[in-house]
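Chemist: Single-letter residue listing:
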Amino acid sequence: MLQYIIRRILIAIPVLFGVTILNFFIINLAPGNPVDMMVNPSATPEQLAATKHALGLDQPIWVQYWNWIVQLLHGNLGFSYSTREPVTQILMAHVGPTVLLMGVSLIVGYLIAIPLGIICARKQNSWIDYLVTGFSFFGISVPHFFLGLGVIYVFASKLLWFPTGSMNTLGGDGSFIDTFNHLVLPVLVLATGIGGNMVRYVRSSMLDVLGKDYLRTAKAKGLSQFLITNKHALRNSLIPIITVIGIDIPLLIGGAIVTEQVFQWPGLGLLTIQSITSRDYSTLMAINLLAACTVLFANLLTDILYAVADPRIRYD
Amino acid sequence: MGELLKVDKIKTEFQTDKGPVTSVDEVSFDLKEGETICLVGESGCGKSVTSLSIMHLLDRNGSVTEGSIRFEDKDLAHASEAKMRKIRGNDISMIFQEPMTSLNPVLTIGDQLTEGIRLHMNYSRADARSYAIEMLKKVGIPRAEGIIDEYPHKLSGGMRQRVMIAMALSCKPKLLIADEPTTALDVTIQAQILKLMKKLREESNTAIILITHDLGVVAEMADKVAVMYAGQVVEETDVYTLFDNPKHPYTLGLMKSIPHITNPDDMRLNSIPGSVPSARNMPKGCRFYDRCPHAMKRCLAEKPELKPIEDKQAHSIRCFLYEEEEKNYEKKHAEKQHAEKEVSS
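Order-wise, the sequence lines are chains G and U.
Residue numbers for the first sequence follow our numbering, beginning at 1 and rising by one.
Residue numbers for the second sequence follow our numbering, beginning at 1001 and rising by one.
Just so you know, these hints were derived from the structure itself, not from any lab.
From a predicted model like this one, the values you see are computed outputs, not experimental measurements.
Check the hints yourself; a few may be wrong.
[What the hints assert, rightly or not] Stretch-level coverage of chain G by chain U, calculated; a stretch enters the list once three of its residues show a Cβ under 8 Å from a Cβ in chain U: (1) 132-138; (2) 203-214; (3) 218-225; (4) 304-314.
Beta carbons: idealized from backbone N, C-alpha and C, even for Gly.
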């Protein structure tokens, strides 16, 4: 197992290189460049050229990539073109809020979805099954920006229960309660999508398992329905659930770009949009790199968890 | 030997989209402590459904709608789920046909074995474990101390069936229901499993309901036999009488269809022509009418009852051919009872 993990990490290195190359070239192929966004509109072409030269942006693209990767290997992510702050610092400031928002959303979504999925499978084709699958259909289908604007309209602007956006009240004390208040609506939006998706997987995976012979054996032993469902059946339906979690984890870092934008949540999603509009390539590259690492990590974690959940899966 | 189980004219129905379907109709038999009864019959005749009815393990749409099942002094036909949970695995336990799928693939053998032991016998974790190892040794599993921490996929079919038997017998049940326990195994393993079941039966005096369609297994294991056809018991008697003196035309047909060691090599085996009527449109009269060589006019319209006749051992048959003998038996017994009454008064 340890050998397997080491091998996977070694394979991850060339993959990451590939990801950085693709990212770098695609971003540079996009029209516009950082200098246009930095200098004031009355600057002369000479001034522009001088700035480009100073930033190294007049060099061929592979030279730029080479410079970037050399710096990266030295642990230097560079400076933001727009704010002139070190990218590492900017990233650090935005990771926290995103992890908080996505972490809470994933947990809330799963805590609601997994038990509901189990109930749906146990009571297949009952009213509760129809109700929950209906809701999950809604959760998967409705776009986040639409649901986000909807809940802002109802709960923030009409009922005035929660703030419309941001993470803390401006000039407020930044207390836990304040942050919690700001969390409720974006979490509601994200958890609807995450939970709606998860319910489906749990339900179908449980339905698959519930007809199995070994559950009849468990029942013949005199076990309670609770144990049969949650010990014998649930453990056998974990594989699809783990797969979905593995796909969801990168969301933690990738951030919910649209939701963060709608709620002005100061996380990585919002930073991504800002970096794109200001052609802040160095920040964008760093975000992409971070997202790629998370995806690779989540995949590895998923594979390890498969082996934990199902002893028949072995990697040697 | 006291009466342990009495199944009396049970009817098991499944609710389907197209209305109720009767799978088992008027099945009756009884069983004493330590006795083995074999339920024999072809696929779909209701053997398994009968046993699942006793255990309340039918699918959600199936239930016993008529008749009674008495186990010791309890009425199982109308027992609540909570009451059944105390009986299942404890007083009555079960082994299934498919050892490859009957064990949970993600739990260790030990987990699955100790579960029932801890539940019904209130053993501590450590005690349950050592008891489980003891049980595994008893069913002939080598290196039981190692196997207990293995997952089922590491074991062969025969080994898994041994684990199932260990699991079923661990709480010392009074009744073991074995639903075709050897059907999915190859012949040498079959023999081992049957031998093991015999040995354990002698040690623990457990009564067994053995479901099979293999008359060889019947001859090997049974004290008595109930032959089932299309959801009904058509003949019930002890194993010697069944093989020496089978009466019902279906049983006779079955006997003729088994190859015998003294048969000439080129002899064709007999078969019963036709096929079993479907559960949705059972004939009103005798269910074997279509295929019976002795069918009479009245068999089409009237339903024969399972009635005892005079024989060396108790012997009941569901067939009009033996009406005369059944009547004689009834008369004799009535006289006997009458005489007894007079003596006692």
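Chemist: List, from low to high, the hint numbers that the structure doesn't satisfy.
Modeler: 1
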